[in-house]
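Using the sequences plus the hints, can you model the full thing?
The numbers in this note's numbering rise by one with no breaks, and the one at position 139 of the sequence shown is 139.
No wet-lab data here; the hints were simulated from the structure. The beta-carbon is built from N, C-alpha and C at its ideal position, and this holds for glycine as well. Some hints could be false.
[As the list claims (entries may be wrong)] Only pairs whose alpha carbons sit at most 25 Å apart, straight line, appear in this in silico DSS-like list of lysine-lysine:
id, residue 1, residue 2
1, Lys34, Lys47
2, Lys112, Lys34
3, Lys146, Lys47
4, Lys146, Lys112
5, Lys112, Lys89
[Unchecked claim] Pair by pair, the computed Cβ-Cβ distance ranges are:
id, residue 1, residue 2, range
6, Ala156, Pro40, 46 to 56 Å
7, Ala133, Arg33, 50 to 60 Å
8, Phe83, Thr56, 27 to 37 Å
9, Ser43, Glu122, 43 to 53 Å
10, Glu18, Arg78, 51 to 61 Å
11, Glu50, Arg155, 48 to 58 Å
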Amino acid sequence: MLATAGQQLDPTDMLIIEIMQEDGRISVSELGRKIGLSQPATSERLKRLEERGIITGYGARIDPAVLGLGMMAVIRLRTTHEFIRPCLKQFSEMPHVMEVLRLTGEDCFILKVLVPSPAELETIVDSIARYGAVTTSLVLRAEPAKTIGRALIRRANS
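What follows is the structure, given as structure tokens:
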């Protein structure tokens with residue numbers, strides 16, 4: 001089931017979401033202790049959040065620099081409508097492209113890329129530039145992404 005805008009969540013669901021965002025490896029029994037529910041009731045809550053499309057997956061946080069991908073860049077692309085689909089196809093095939101944002105306004109896309117070197121970044125920029133004007137910025141430091149907290153969930157549900 002796909003999530004729809006403003007799905008209603010009770011306080012227990014919100015607490016589960018907060019805890020799971022902080023520690024996706026927490027056991028169901030430990031999660032149950034923290035939220036005051038039995039292990040079976042907690043499992044059922046998690047299953048419903050997954051079925052509703054609210055929890056979409058679980059994963060590890062990886063340090064790209066340790067893997068030799070210490071350079072992050074943001075690439076902005078301004079293109080025409082005819083190139084939107086070819087761009088999306090190419091971006092999906094590029095392993096260094098970590099995130100693609102399609103935009104309104106003058107720029108059509110923002111890409112977040114991880115590369116080992118300036119030469120690799122140049123290759124990526126050159127392959128994208130055939131679609132239009134490219135602007136590239138090096139990221140000096142990336143702060144961890146915020147989790148979706150209770151206050152934001154409440155605002156979306158009001």
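Each hint tested on the structure:
1. Lys34 / Lys47: Measuring from Cα to Cα gives roughly 17 Å; hence the hint holds.
2. Lys112 / Lys34: violated, 36 Å
3. Lys146 / Lys47: holds, 24 Å
4. Lys146 / Lys112: holds, 17 Å
5. Lys112 / Lys89: This hinted pair holds, its Cα atoms lying about 16 Å apart.
6. Ala156 / Pro40: 46 to 56 Å: With a Cβ separation near 29 Å, Ala156 and Pro40 fall outside 46 to 56 Å, so the hint is violated.
7. Ala133 / Arg33: 50 to 60 Å: holds, 55 Å
8. Phe83 / Thr56: 27 to 37 Å: Holds - the Cβ-Cβ distance for Phe83 and Thr56, about 29 Å, lies within 27 to 37 Å.
9. Ser43 / Glu122: 43 to 53 Å: Since Ser43 and Glu122 have Cβ atoms about 50 Å apart, the given range 43 to 53 Å holds.
10. Glu18 / Arg78: 51 to 61 Å: violated, 39 Å
11. Glu50 / Arg155: 48 to 58 Å: Because 23 Å falls outside the window, the suggested range is violated.
Comparing the model with each numbered hint stated earlier shows that hints 2, 6, 10 and 11 do not hold.
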